[in-house]
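Chemist: Residue numbers (our numbering), protein chains in the order written: chain A, 2 to 277; chain B, 3 to 292.
Any given hint might turn out to be false.
[Unchecked claim] Keeping only pairs whose Cα atoms sit at most 30 Å apart, straight-line, the calculated DSS-like set for lysine-lysine is:
1. B/K211 x A/K164
2. B/K96 x A/K164
3. A/K265 x B/K96
Just so you know, these hints were derived from the structure itself, not from any lab.
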Amino acid sequence: MIKENNIKFIFLGLSLLLIILIFFFPFFWIITSSLKSPEEIIATSTTIIPRSFTLEHYNKILFNSDFFIYLKNSLIVSFASMIISIILSVSAAYGLHKLKFYGNKFVEYSLLVTYAFPGVILLVPIYLLFAKVNLLNSYLALIIVNVLFATPFAVWMLKAFFKLIPNEIEEAAYIDGASRYVVISRIVIPLAAPGIASVSIFCFIISWTEYLFASILISGDNLKTLPVGLAGIVGQYQIDWGFLLSGAVLASLPVIILFLFIGKYFVSGLTEGAIK
Amino acid sequence: MKKNNIEGWLFVSPLVIWICLIILVPIYIAFELSLFNVKIIGTSGKFVGIDNYIKLISKSKFLNASLNSLYWIIGNAICQTFFAFTIALTINYKFPGKKIIANWIILSFIIPTVVVVVIWKLMLSSSSGVINSVLIDIGLLDEATGFFSSPNKAFISLVLINSWRWSPFLALIILSGLNSINREMYDASKVDGANFIQQFFFITFPNLKSVLFVLGLVGTLLSFNIFDIIWLITKGGPSSATTTLPLLIYETAFTKFRISHAATLSIITSFMLLFFSIIFIKSMAPKEDD
């Protein structure tokens, strides 16, 4: 008995160490590196504890680049995509979960497949379609695509949250004469609020991190999103590492701040409610 | 249960229409394009029927990219299963700091892929990367190596980087499955003398069936679709070793300007994925209990 516990303890300790090293250390590394002098970043002998400290890279990216234009574009696109995705997927998830209808299993599985289906396969035809209807170089182009990527999994997650709401509560409301609209807006949505919050973050993240379509559908510099702007620096022959690293840290900051506030709903939503 | 056909479809239709418009119309356009010989976007081409299909399927580039995609899916599946289960099983235990680790493990998933690329380009840099200097310090390497310079090393590095991004997210979904397993089963098996490895294979794993079904389907398709990590790090090289089908389509359309060929590749790929999905759902979908 004691022996088995010891093995367990060693396993747990080792895997924890591995997890921290692999999944957390890289973040420590780029944050500290973004505060190092340019010479130290590219020095051949690496030291774990930084020797120099400078804010010059942040200074440069904040006051001497298009960072704020890209940030504004990313925020507009991500928020709009998130709101539209949530409206569409709450409605669809409710329909799929509470109202059994002919073909609901088919819709459900199709959604699951479309979640992973699009991507690069649709790139060329969507580009042509948007060129035809004059949507290239617009926020709307990116929003349409992001909603497509975010909603299928959002519906899948939301359905699981709706399942947790006891049927009796809704039925009681119907007996009291409440309409479908009242039941949804006063009972279902408030009770599923943590779930909706976590699905919202998911939609926001999907839009915030999207690179492929943003790089093709947008060519004007004033409409580029943060990932596309950053990728422009990655592709340069002589990489200005300090500039790039501070940009990477700043581009991650908004999602991290958002996550700070509602991240626990996201994680507990994923781990306790979703997918059963 | 009573069926609510009209109302049900009313709730679902806005999303279904949105998705159909944005998927089916482009696929129709792609299909049409694949029958013509259009090179640069906006120009018109000659009708060639199924010539594009015949030409492309027999090309070694297509075969190479298909094989790379297959290796990519298998490699990612192995790595991500390992990482995701390690994370999920670890977080499932109680230990000090568990909450922080459980909440923030997903950091690698919520940051933009471009940032993932920046992180690993810096860490794996051959001239000043921390991984190289650590490997030299502990004696595993004699001199700094270029992680993206040889075909095999580049491929493996990319698989690991992509797994780094996705495993924590998958781990949380596995955790949701773990949470739904009745704890009494573990207690009962303990009474019967099972150790924790036996518990994993006889209780944990079988009870994760429906979660693993979703992960198997979605995970495979998602890894197939990965584009940006590969493109931004190796551009498909060295010597096409990391050119998967998505990269081949992108290259064909936007660097070689063979729009019809790219459309043809998209259609072929769609059919391959659709075929896989149908087989997977038909053979693996868990039986509904409710």
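Chemist: Each hint should be assessed against the structure and marked as holding or not.
Modeler: Against the structure, the hints come out as follows:
Between B/K211 and A/K164, the direct Cα distance comes to roughly 19 Å. Compliance with the 30 Å bound is thereby established for this hinted pair. Taking the CA atoms of B/K96 and A/K164, the gap is about 28 Å. The hint holds against a cut of 30 Å. Proximity of A/K265 to B/K96 is assessed by CA-CA distance (about 17 Å); at most 30 Å being required, the pair is judged to hold.
Violation of the numbered hints given earlier is absent; every hint is satisfied by the structure.
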